[in-house]
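Please construct the entire structure, taking both the sequences and the accompanying hints into account.
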Amino acid sequence: MEYAEISAEDNASTVRQFVLLGFSDLPNLQGFLFGMFSIVYLIILIGNSFIIVITRIDPALQKPMYFFLANFSSLEICYVSVTLPRILYNIGTQNRNISKLACATQTCFFLMLGATECFLLAVMSYDRYVAICNPLHYPLVMNPTKCTQLAAGSWLGGIPVQIGQTCQIFSLHFCSSYQINHFFCDLPPILKLACGDTSINELSVFLVAILFAAVPFMLILASYTKIIATILRLPTATGRAKAFSTCSSHLLVVFLFFGSATVTYLRPKSTHSPGTDKLLSLLYTIVTPMFNPLIYSLRNKDVIAALRKLLLRK
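Each residue of the sequence shown is one higher than the last, beginning at 4 in the numbering used here.
Note that these hints are calculated values from the structure, not bench results.
All C-beta atoms, glycine included, are put in the ideal place defined by N, C-alpha and C.
Accuracy of the hints is not assured; some may be wrong.
[As the list claims (entries may be wrong)] Cross-link-like lysine-lysine pairs, in silico, DSS-like; alpha carbons within 25 Å at most:
id : residue 1 : residue 2
1  : K195      : K66
2  : K281      : K245
3  : K245      : K312
4  : K281      : K66
5  : K304      : K195
6  : K312      : K195
[Unchecked claim] Label pairs and their computed distance ranges (CB to CB):
id : residue 1 : residue 2 : range
7  : S84       : T239      : 40 to 46 Å
8  : V144      : F209      : 47 to 53 Å
9  : I162      : I203      : 19 to 25 Å
10 : L32       : L143      : 52 to 58 Å
11 : I162      : S251      : 28 to 34 Å
12 : I307      : Y92       : 32 to 38 Å
Encoded structure:
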């Protein structure tokens, strides 16, 4: 296994590369892990691409809900592509070195796309809120221009802050330990390598997590509180079931993503353990994007109907 050679006399400012330990503590499972992650990556690419294509070509899916779903599937492909190809490269070559610049770049894109996911999930909950609580105003409120603006804001909103946070973290001095006990360059394990007092940086990470994760999550909860109250007032059980079915898939994805991400980023550095961090990170970086197409397609009658029409046409 090739590791970076950094001499003892090198000080923190001369560190040029790190080592992503990843799953090196499982030497007998490297082949299995490579095969498993390859299959997972293909499932994510194919499943989310299918949703993008089917929402574009089927006239019945030309609605704001599916416009945001296509954006979300595009995001999932980008999001997982920041981490999984690097994991496959590290396992396949057993070369776990990563330059400081490449590590910072990976961290920056991961944070920006993570912020986009939080915003998009909040926008999708707002779309469901308007559709169920104000159905008569839905075409007016969620017009094409408004949808495009909301999607663009979700994609671009986190870029300045996350670039700033990445620059702040990677301008720290790093101690003699340069091994990142994780499978990608995430903030908690990188902060563990920093010398001296990092309490200000931890506070910065906490505040950004509050801004980009906790606030959207609270908005989602507020939306669903009103949505559920409206659904419960519907006169028929059929109407209640239909209204809830349009929201349940999104709600499941929300809890999968926010649950694991919040525990990771809102804990103090002293309580982080490599095993727990890796497990939680797998949930929101790989498992959730893999299950999203299944959750949205198998639980959505419109998507199933569009799939049937596509297959019959073929």
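Cross-check of the supplied hints:
Under the criterion of a C-alpha separation no larger than 25 Å, the hint pairing K195 with K66 is inconsistent with the structure, at around 46 Å. Our distance criterion of 25 Å between C-alpha atoms is broken by K281 and K245, whose separation comes to about 38 Å. Restraint check for K245 and K312: satisfied, since their Cα atoms lie roughly 21 Å apart, inside the 25 Å limit. Distance check on the hinted pair: K281 and K66 sit about 37 Å apart at the alpha-carbon level, beyond 25 Å; violated.
A C-alpha spacing of about 47 Å is found between K304 and K195, which places the hinted pair above 25 Å, so the restraint is violated. Annotation: proposed proximity of K312 to K195 is violated, straight-line Cα distance about 53 Å (limit 25 Å). Our hint of 40 to 46 Å for S84 and T239 holds, since their Cβ atoms are close to 44 Å apart. Checking the proposed 47 to 53 Å range against V144 and F209 shows it is violated: the Cβ atoms sit about 34 Å from each other.
Evaluation of the 19 to 25 Å hint for I162 and I203 yields a pass: the beta carbon distance comes to about 23 Å. Between L32 and L143 the CB atoms are about 55 Å apart, so this pair conforms to the stated range of 52 to 58 Å. At about 32 Å, the beta-carbon gap between I162 and S251 stays in the expected band of 28 to 34 Å. Under the hint 32 to 38 Å, the C-beta atoms of I307 and Y92, about 37 Å apart, fit the expected range.
The structure shown violates the earlier hints numbered 1, 2, 4, 5, 6, 8.
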